[in-house]
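Assemble the dimeric complex from its two separately framed chains, guided by the hints.
As you go down the protein sequences, you meet chains A and B in turn.
Under UniProt numbering, the final residue of the first sequence carries the number 126; numbering is consecutive throughout.
Under UniProt numbering, the final residue of the second sequence carries the number 935; numbering is consecutive throughout.
Hints are computed from structural coordinates only; laboratory data are not their basis.
Note that this is a predicted model, so its numbers are computed, not measured.
Check before you lean on any hint, since a few could be wrong.
In silico lysine-lysine, BS3-like type, Cα no more than 30 Å apart, as pairs [stated by the list, open to error]:
#, chain 1, residue 1, chain 2, residue 2
1, B, Lys682, A, Lys94
2, B, Lys101, B, Lys540
3, B, Lys526, B, Lys292
4, B, Lys918, A, Lys94
5, B, Lys101, B, Lys292
6, B, Lys101, B, Lys153
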Amino acid sequence: MEIAYALIIGTLTFAGVYLVLRARTFPVVVGLTLLSYGVNLFLFSSGRLMTGGQPIIGSTEVYSDPLPQALVLTAIVIGFAMTAFAVVLALRAKADTDDDHVDGTRRTDLPEEAKHTNPPREETGQ
Amino acid sequence: MTLSLVVLLPFLGAIAAPLFAQAGRTAIAIASSVPALLALATLFPMWSTLAEGGAIVQTLEWLPQLGINFSFRLDGLSLMFALLILLIGLLIILYARYYLKPSENIGKFYAMLLCFMGSMLGIVLSSNLLLMMVFWELTSLTSFLLISFWNHKQDARRGARMALAITGGGGLALLAGILLIGRIVGSFELDVVLAAGDQIKAHALYPYALTLVLLGAFTKSAQFPFHFWLPHAMQAPTPVSAYLHSATMVKAGIFLMARLYPALAGTEQWFFMVSFTGMATLLIGAYVALFKHDLKGLLAYSTVSHLGLITLLLGMGTKLAAVAALFHIINHAIFKASLFMAAGIIDHETGSRDMRQINGLWHFMPHTATLAMVAAASMAGVPLLNGFLSKEMFFAEALSLNLPGIWAWVPPIVATLAGIFAVAYSARFIHDVFFNGAPRNLPIYPPHEPPRYMKIPVEILVVACILVGVFPAFSVGPLLQAAASATLGGEVPDYGLAVFHGFNLPLMMSLAAFVGGLLMYSQRHKLFEFHARFREIDEKAVFEAVVSWVVERARSLTALLENGSLQRYATLLVLSAVVVALAPLWGMTLIGSDGLTPIDWPTAIGAAILIFCTFATVYIRRERLTSLIMLSVVGLFVSLTFARLSAPDLAMTQISVEVVTIVLLMLALFYLPSWTPSEDSKARHVRDLTLAGVAGLGMAAVTLAMLTSPFSSISDYFIENSKPGGGGTNVVNVILVDFRGFDTLGEITVLAIAALGIYAMLRNRELQAPSTDGQGHPWAFDAHPTMLKQMSRPLLPLALMVSAYIFLRGHNLPGGGFIAGLITAIALLIQYIASGNHWTQARVNLRYHNVLALGLFFATVAGAASLMFDYPFLTSTFTYLTWPVVGKFEVASALVFDLGVYLTVVGATLLALVSLGKLTPTGRPMSRTEARQES
Numbered sequence: 001m002e003i004a005y006a007l008i009i010g011t012l013t014f015a016g017v018y019l020v021l022r023a024r025t026f027p028v029v030v031g032l033t034l035l036s037y038g039v040n041l042f043l044f045s046s047g048r049l050m051t052g053g054q055p056i057i058g059s060t061e062v063y064s065d066p067l068p069q070a071l072v073l074t075a076i077v078i079g080f081a082m083t084a085f086a087v088v089l090a091l092r093a094k095a096d097t098d099d100d101h102v103d104g105t106r107r108t109d110l111p112e113e114a115k116h117t118n119p120p121r122e123e124t125g126q
Numbered sequence: 001m002t003l004s005l006v007v008l009l010p011f012l013g014a015i016a017a018p019l020f021a022q023a024g025r026t027a028i029a030i031a032s033s034v035p036a037l038l039a040l041a042t043l044f045p046m047w048s049t050l051a052e053g054g055a056i057v058q059t060l061e062w063l064p065q066l067g068i069n070f071s072f073r074l075d076g077l078s079l080m081f082a083l084l085i086l087l088i089g090l091l092i093i094l095y096a097r098y099y100l101k102p103s104e105n106i107g108k109f110y111a112m113l114l115c116f117m118g119s120m121l122g123i124v125l126s127s128n129l130l131l132m133m134v135f136w137e138l139t140s141l142t143s144f145l146l147i148s149f150w151n152h153k154q155d156a157r158r159g160a161r162m163a164l165a166i167t168g169g170g171g172l173a174l175l176a177g178i179l180l181i182g183r184i185v186g187s188f189e190l191d192v193v194l195a196a197g198d199q200i201k202a203h204a205l206y207p208y209a210l211t212l213v214l215l216g217a218f219t220k221s222a223q224f225p226f227h228f229w230l231p232h233a234m235q236a237p238t239p240v241s242a243y244l245h246s247a248t249m250v251k252a253g254i255f256l257m258a259r260l261y262p263a264l265a266g267t268e269q270w271f272f273m274v275s276f277t278g279m280a281t282l283l284i285g286a287y288v289a290l291f292k293h294d295l296k297g298l299l300a301y302s303t304v305s306h307l308g309l310i311t312l313l314l315g316m317g318t319k320l321a322a323v324a325a326l327f328h329i330i331n332h333a334i335f336k337a338s339l340f341m342a343a344g345i346i347d348h349e350t351g352s353r354d355m356r357q358i359n360g361l362w363h364f365m366p367h368t369a370t371l372a373m374v375a376a377a378s379m380a381g382v383p384l385l386n387g388f389l390s391k392e393m394f395f396a397e398a399l400s401l402n403l404p405g406i407w408a409w410v411p412p413i414v415a416t417l418a419g420i421f422a423v424a425y426s427a428r429f430i431h432d433v434f435f436n437g438a439p440r441n442l443p444i445y446p447p448h449e450p451p452r453y454m455k456i457p458v459e460i461l462v463v464a465c466i467l468v469g470v471f472p473a474f475s476v477g478p479l480l481q482a483a484a485s486a487t488l489g490g491e492v493p494d495y496g497l498a499v500f501h502g503f504n505l506p507l508m509m510s511l512a513a514f515v516g517g518l519l520m521y522s523q524r525h526k527l528f529e530f531h532a533r534f535r536e537i538d539e540k541a542v543f544e545a546v547v548s549w550v551v552e553r554a555r556s557l558t559a560l561l562e563n564g565s566l567q568r569y570a571t572l573l574v575l576s577a578v579v580v581a582l583a584p585l586w587g588m589t590l591i592g593s594d595g596l597t598p599i600d601w602p603t604a605i606g607a608a609i610l611i612f613c614t615f616a617t618v619y620i621r622r623e624r625l626t627s628l629i630m631l632s633v634v635g636l637f638v639s640l641t642f643a644r645l646s647a648p649d650l651a652m653t654q655i656s657v658e659v660v661t662i663v664l665l666m667l668a669l670f671y672l673p674s675w676t677p678s679e680d681s682k683a684r685h686v687r688d689l690t691l692a693g694v695a696g697l698g699m700a701a702v703t704l705a706m707l708t709s710p711f712s713s714i715s716d717y718f719i720e721n722s723k724p725g726g727g728g729t730n731v732v733n734v735i736l737v738d739f740r741g742f743d744t745l746g747e748i749t750v751l752a753i754a755a756l757g758i759y760a761m762l763r764n765r766e767l768q769a770p771s772t773d774g775q776g777h778p779w780a781f782d783a784h785p786t787m788l789k790q791m792s793r794p795l796l797p798l799a800l801m802v803s804a805y806i807f808l809r810g811h812n813l814p815g816g817g818f819i820a821g822l823i824t825a826i827a828l829l830i831q832y833i834a835s836g837n838h839w840t841q842a843r844v845n846l847r848y849h850n851v852l853a854l855g856l857f858f859a860t861v862a863g864a865a866s867l868m869f870d871y872p873f874l875t876s877t878f879t880y881l882t883w884p885v886v887g888k889f890e891v892a893s894a895l896v897f898d899l900g901v902y903l904t905v906v907g908a909t910l911l912a913l914v915s916l917g918k919l920t921p922t923g924r925p926m927s928r929t930e931a932r933q934e935s
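Here chain B stands alone, though its shape is the one from the complex (with noise of 0.2 Å):
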C-alpha cells in the first residue's frame, strides 16, 4: 500500500490544491509542498532494504487476465528518481510561487504541476510495464497542458502541441514495444521481464521490440532526430522548463533505458543504435546551443546536448558506462535546474531573454550573478563542481571504447568537440549576460535583485553541486552504488569517486575541451558570421506543414470514400462484405459429403413460384404497389417453406409479420411515390447487377456447402429437457421462454426501442399525402367500404380469441407469446383499416407505449421473482393443478414471461403502425372532384 500512496498522494493534492488559490500564492505553495513532503516521508524507511540492493514490490490486481496489475517497485534506481523528481519538485514549487504572478491561474498551474509529479513517480515505481505506460502518456499530457499553461499565446499552443505529438507518437511505439516484450516473457511484471534478458534477447522479435521502445525512450528524451519539440517547450513558464524540460520528464525516456538495462542491453543492436543516436544528440545539441541568443533557448539546446552523453553512456554498454550514465542524471538535473531558475529570475527581473539585450548584470544583480555563474561552470565541467566528475568518467569511458581501427579515434574526438562546444557556450552564458558591457534597451531597467526566497531553490541547487563536486563519494555515493546496482541488475564495478585521479589522459582531454572552449568563445564573432551563412531551419513552420499536410491528405481520403451519397455507401458496404466473404470461401467444396436428398413435385413447384416471385418483385419494381403485390407472395411462400420443413412457429410468425408488414408498406405508398422515376445509369445497373449477382451467387454457393455436410447440433440437451425440466412439449417455445429466456427478454427489449424509435421519428410530424395515386387516378370515393366495416366488427372478437387459444397452447403446441402477440396486433389493425383512425381509437382506448411497457415489466418481473427463491435470474417453474371440467393442466410461470412477450409485441406493432397512420391529421385528403362534390 505505501508505495502506491507515494504515487497517489500527488494526484490528490492535485484536485486539494486548488481550493486552496483563493487563499493566495503562499498558501497554495504550502498545500502544494503537503504531499511531495509526506511522499518523501513514507520512502524514508524504506532506504535500509534497499541500501543493501533489495527491492520492494507491492502488488494490487487490478485485470490480471490481462496482465495489467498495480504493482508498484522501489530500488536503487526507482528511489534515486523519485528523489530527484521529490526534491527538485519542492524547490519548484517554492520557486513558482515567486515566479507566477497573482493574476495567473495558480489553482491550474499547480495542480498540474502536482498531477506531473505523480505520472512521473508513477513511470518510476511502477513494476507492471503497461500501468507504467499509463503513467507515461500521462506525463505526456500534463506536460502538454503546462507548455501550453499561457493558452493565450500561438507559440506556446503550437510548441505544446508539438511536444504531444512527437512524445505522443513515441509513446506509441512504446507500447507497441512493451506488448511484444510481454509477448516474449509472457509477462509484464519487471521483475520477470528484467530476469528473462537472455531470452528476451535470443528472440525473433527482439530487433523490433529493441525499435520500438527506444523509439518511445528517444522521443521522450528528445534525441536526435527527434529533439526539436524540447526547444519549442521553452514556451512553458520557466518552473515548468526547469522540472520537466530538464530535470525530471525528458530522463524519462532515459531512466526507460536505464530501466530496461539488464533485459535489452548489450547486444551490437544496442549499441549502435544507442550510442550513435546519443553521438549525434551530444554533438549536435551542443553546436547550436553557441548560436542561441535565446537564454532559454541555450540551455534547452544544452539539455538535448547532455541528454545525448547520458544516452551515449548507456549506449556503450560497459558497465562503468552505465554508473558514469546514473552518476550524470543527478549532476545534469542539479547544474541545470538551477540554471533555468536562474534564467527565469533574469527573465522575471529584466523583463528579456535576449542575450543580445541582457549584458552586464553583475552590477545589478550579483548575487544571482554568482548563483549563476557557479551552475554554469559546472555545466562548462570545472573541476570541484559535480558535472566536472561524471564529465570526467564519461572521458575516461570514451577513451576504453574498444572500437575496431580507426573508429577508435570517434568517441574521444566526438567527447572532445561536444565538451569543447559546452565550455563554450557556458562562457557565453557567463559573460554575455553578467559582463559583456552594459544592458541594451531593456523592458525593465534598472533591473533588481529577485525577492529573497525565490533564491533560495537555486542557492540550495547550486550548494548541491559543490557539495557533490568536493564530497562525491560522501554526497552521492550511497545513492549511485544503491541505483547502478539495481541498473545493472547485480554486482557493481569498482568506480572511484574522487576528485582528483591523476594526471591521466581523461584530465587532459578535460583541459583540452577548456582550453578550446575558451578559445571559441574568445573568436566567436567569426563563428557567428560563419554560422549565419546556412538558412535556420524553423522546425516548428516545418512541422506544422507536416501536419496540415497529413490533415489534407486525411480529408481527402476521407472526400473520396464519404461524399455524402448513402447508395454508394451502401454499395461499398456490400462490396467489402463481398470481398471478406469471398476471399476465404474460394475454392471450396460446392457439395458435402452427406449428399442431396430427392424433391417432391409440391416442394418444387413452390421453390419455383417462389424464386419467379422474387425475381417478379425486382423487375417490376418500378411499379411499386404490383412490386408489392409480389412482394407479398414471397413472403408467404416463405412462410410456407417453414411449414414443409418441420417449423411450424416459423410458419405461423412469417405469415403474421408478413401481414403487418405488406400493412406496413402499403400504407408507406400512400406517402411515397407510387412510381419509381428511371434515374440511374446504365453503367451502375450493370455493377449493381454484378455485385448483387455475386452476393447471391455466393450464399447459394455457401448454403449448399452448409447443407451437405455433416453436422452435429446442441440441440439434444434441449429436447431431452424441454419436457422434464421446462414443462413444455413445445421445444421452441420452452426454448424461447425459459432456456434462453434472457436472449429472449433482450430481443424484445429491442423491438420496443425500434417501436419507441419510430414513435419518436413521427410525433408532431404531419405529412401531406398526394390527392392522386401515381397515375392520377382520385382515391376511391368511399374510404371506409360498408362491407369491411360490417365483416370486420364480428372478427375481432373471434380474432381475440384464437389468439388468447395459441398463446396458452404455445408452451404445448405451436404458438406463443410472440404468434399470438401479432395475431392480436392483425386484428386490432384490421379495425384500424375497416373502420378508420377516429372511429378504432375512440373505441380501443389504449396507450400503447403503456402496453410496451407492461409487457417489458411483466417479462423482468418474471425474470426477476427467481431471485427471490434463490434462483439465477428468469429461472422458471411449473405445476399442474386440476379444475373441474378443464381437467389437469399445467401452469409454469414461463407463462407471465411469455405474457410480457406477448404485450410487448403487441404495443411494439400497434405503435409503429398507429403511428404511422396518424400522419395526416385531418385524415384522408381529397382529389379535386371530391372537393368539388362536397361543395
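The shape of chain A in the complex, shown without the other chains (with noise of 0.2 Å):
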C-alpha cells in the first residue's frame, strides 16, 4: 500500500514539475493542478494510510488522524481558488499580449529584434 501511494505522489510530482516548466500557459496550469493533488495526497498522508476509519464518532472502532483531513480540505478549496487565479492570469496576458507564452512578450512569428524585451545595449546609445 505505501509503496503504491508513494508511487502516485511521486508520479504526480513528476508530471507536475515537468508541466509546470513548460512554455505556455495551459500546461502550466494542468501541471499546478497536478503538483496540487500530489501536495494534498502527501499532507493528507502524514497522518497514515488507513482504511474504514473514518473520523466520525461512533462509526467505527478506530479513527483516522482527523487533523490532516482538516488541513487538506481547506488546501483543496484554496488550491483551486489559487488554479483559477492563474488562469485567469493567464488569459489576461492573452488579452494583453495576445499570446500565451508565459514569457509574455516571446513571439515565434514575429522577426528575431523584436524578440527582446530590452534593446540591446549599442542601440540605446544614440
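Spelled out as C-alpha cells, the structure:
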C-alpha cells in the first residue's frame, strides 16, 4: 500500500513539475493542478494510511487522524482558488499580449529583434 | 525619565524649530537653543552624583525579550561628551544664525542640526548597546543630510554619499560586533557588559567582536585607511564642519572605544590594532594637512591627525594615556571648533578659502585674526594654551611606552614628527592667511570684520583655550576626573594637571617640535616642490569608480539570473527547491521501522489507473482538450483515494472541486489555443525531465519513509473532545468550524481575496475567442442544446436541496459549509452552461461580491458573538432542541460560522467563473459558415 501511494505522489510530482516548466500557460495550469493533487495527498498521508476508519464518532472502532484531513480540506479549496487565479492571469496575459507564452512578449511569428524585451545596448546609446 | 528627556528634547526641538523659520533667522536660532538649554538645565542637578564617581541609570522597557530597552546611563564620560555636544551646539546655533543667508532653507538646517544633537546625545547616554546603535546610525544619516545641505552642488552630494557609505558600512560592522558581545555576555546593557570584561577577553569570539567594533569606530572617527571621507565632508556648511566633523560626530568612534575600554581594552590585539592605526592616522593627517591650499582642507586633515593622536593614546593601554586621550578630546573640540568658525568667517567675508588668495588679512580683520591665531597656536601646542597640556601628556606617554628593542624609539619619534608637522601647518594657517603680503584676486574685496555676534562663539572658545591652558585643574579638573574614573572603571592614577612639569624630556620634545616646525615652514617651498612630484590621488574619483564598479557587477549578476523569462525563473525555483530539499535527505532510510502493509487488488488497480492517467496527461499535453479529460480522470481517482483511505469529507470536497476546476479549464480553453506548439529545444526537455524526475523520486522517497515511520498524533484530543466540546460527531468538520475556526476564517478570507482578484483582472475586459477550434472546425451550431437545458432545470432545486442537506448534517456526518457551498456552486454553474449567461443572469439575480461579503460577515460575526459573553473569539456553543416530527436535534453556534463558510465558497466560486464566462460580451462568436447562414 505504502509503495503504491508513494508512487502516486512521485508520479504526480514529476508530471506537475514537468508541466509547470513548460512554455505555454495552459500546460502550466494543468501542471499546477497535478502538483496540488500530489501535495494534498502527501499532506493527507502525514496522518498515515488507514481504511475503514472515517473520523465520525461512533461509526467505527479506530479513527484515522482527522487533523490532516481538516487541513487538506481547506487546502483543496484554496488550491482551486489558486488554479483559478492562475488561469485568469493566463487569460489576461493572452488578452494583453495576444500570446499564451509564459514570458509574455516572446512571439515566434515576429522578426528576431522583436523577441527581446530590452533593446540591445548599442541601440540605446544613440 | 529625566535622562530620556535630555535625548528627546532636541528631537522635539527639531519638529518645533522649522515653525519659526518664517519669523527670521534670529527667531529660529533662539527657538533652537531652547532644547539645548533645557537639556543642560536637566543635567545640572545630576553632577553631584557623578562627581563621586557614581552613575545614573534609567530604564524603560521596549523589547525586553530581545534585550532591547530604552535605557539611559549618565556617568563622567557621557557627561563630558554631553556637555561638549550641548555647549558647542549652542555656540554653533548662534554662529549659524549669521553664517546662513536669509534666503537659505534655515528651517531645514536647524531641524537637522537639532536631530543630530539628539542622536549624538543618544549615543553618549544610551546604556543599551542596541539602542546606542540606533542613534549611531541616526548620526550617520543626519550627517549625510547636513553635508548635502547645499544639494545643488555635485561635490556636496558626492561627499555626503561617500560619508554615508563609509560610516554606514562601519555601522554594519559595529552592529555585528555588538551582537557578538551580546552573545558572549548575554546582555546588551552597558553595566553588565563593562563588568564582564574578563569574560569577553577570554572568549573565543573576542578577536572577531573587537575587530568589528573597531571597524565601526575607525570609520566613524576617520582613521586611516578610512579617513578620506572626512575631508570630502567639508563640502558642508562651515557650522556643520565645526560641529559634526571636528567637535562631536567624528569623536563618536573615539567615545565608543573609551566607553568599551574596560570591556575590550588591555589585550595585545587591542594594542596593535588601535595604536598602530592611530599612529598611521596621526602621521598621514599631519603630513597632508601641510600641503592643503584649502583652509578647511587643512583643518580637516589636521582633525584626522588629532583623531589619530587620541586613538593612539587609547591604544597604548596605560591608564595615564587614557586620561590624556580624554583631556585631548576636550581640548581638540575647543580649539578646532573655534578654528573652523574662524575659517567660516574668512570664507564668508572674502568669498574664498584658498590660502594662495587670502593673504594679509591682519590689516582687514585684526579682531578675527587675533582669535584665529590664538586657536591655531593652541593647535600647534604653544604653552599656556590648552593644546600644549594634552600634547605634553601625549609626549610623556609615548616615551614611557615600553616596547622591546628598537621599537621603543618608534612612538617618541612618530610623536615628535607629528608635532613638527602640526607646528608647520599651524604656522602656515597663521602666516599665509593673516600676513604674507596682500590678498590676491579675492571675490569680495576689501574684506570686513564679520557681524559682532558672529565672533562671540569664537571668542568664548578662545577664552576657554586660555582658561584651560592656564588653570587646567580649576577649569576641567573635576570633569576630567569623573570622565577618567568612568572610562577606566574605577581608580584613576595620579596625573598632574600643572602648566609646568619642569625641564623634562617631554618639554624637550615640544621644543624640538616647535623649532622643527618653524624651520619646516620656512623651507616650505622646497617641500611643496617635493610633494608636487607625487600625483595627487582624488579619493572621490576612486570612490566613485569603486561604487560604479560594484553597481555594474551587481547589475550584471542580476541580469545573469533575471533575463525576464518566467519559464527560466520557474526552472531556477524548482532547481533550488530540489537542491535544498535533497541535501538533508541524502542517505535516509527508505523504509522505516513500521514496515509495509499489504495492498488489495481494487486499490492496486485504482493506483495503476491514477498513475497511467497522470502520465497520459503529460504525454498528450499538446492536445489540450484530451489532456484535460485525462486530468479529470486523475482528479476523480484522487477523490476515490480519499474515499478509500477513510476521508469521506475530503472525497466529497475533491470531487466537487474537480468539477469546478474542469469547467474552469474548459472555459479557459475556449479562449486559449487548443494546441500547444512544439517549440522547446531537446536539451530543455531533457533538462526539465531530469529535474521533474528528481523531484518526483524525491517526493516518492520522502513519502515512503514517512509512511513507514512510527508516529504519534495530537489528534486524540480532537477525537475525545469533538462530541463533548464541539457538539458534533464529524471530527473533521468540528475542527474546521470550532477547534481551528480561526484558521478557517483566514482561509475563506484568502478565498475571497483570490476571487476578487480574478474579478478585478477581468473587469471591463473583452477577449475575442477564436471562431473555430484548433483544428479549424467551427463550433457547434446549437450553443445551448435543448436536452441539456431541459435536464438541467429540474436538477437545480434537487441539487440545492442536496446541498442544504449536506450543509446541515455536516457537523455530525460528512459534509459542511465547504462541500455544500461547492455543490450549490456547481448546481448554479450547470444552469450557466446549459442555458447561457443571459438567461441565468436574468433569473439568478445575485451579485456574487455581496454573497462573498455576506459570507465573511457571518463567519466574523459568529466569531465575535462569543466576545460579548466574555469568551475568546470564535468560541462556540450548542444546545439541543426538540421539535415535533423532527424530534430532538442539536443547534450549534458553529452552524452560523459554517454558513459564512458556505456563502463565501459559493460567492468566490461563482464570482470567478462567471467573470470568466462574461469575457465575450456578445456571447459565442460565430464562424464564417454560421455567419453566412444567419444572413
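TODO: Below or equal to 30 Å on CA atoms is what counts here, so check lysine 918 of chain B against lysine 94 of chain A.
DONE: 16 Å, holds
- [ ] Sort out whether lysine 94 of chain A lies within 30 Å of lysine 682 of chain B, counting only the CA atoms.
- [x] At roughly 26 Å apart (the allowed maximum being 30 Å), lysine 94 of chain A and lysine 682 of chain B satisfy the hint.
- [ ] Given the hint that lysine 101 of chain B pairs with lysine 292 of chain B, test it: the Cα-Cα distance must not exceed 30 Å.
- [x] With a Cα-Cα distance of about 27 Å, the restraint between lysine 101 of chain B and lysine 292 of chain B holds, given a limit of 30 Å.
Open item on the list: Hint check: lysine 101 of chain B vs lysine 153 of chain B, CA-CA at most 30 Å. Holds or violated?
Closed with: 17 Å, holds
Open item on the list: Just to be careful, I want the Cα atoms of lysine 101 of chain B and lysine 540 of chain B compared with a cutoff of 30 Å; is the pair within it?
Closed with: 28 Å, holds
Open item on the list: Tell me if the straight-line CA distance from lysine 526 of chain B to lysine 292 of chain B falls inside 30 Å.
Closed with: Roughly 15 Å between the alpha carbons, so the hint for lysine 526 of chain B and lysine 292 of chain B holds.
In this structure, every one of the numbered hints holds.
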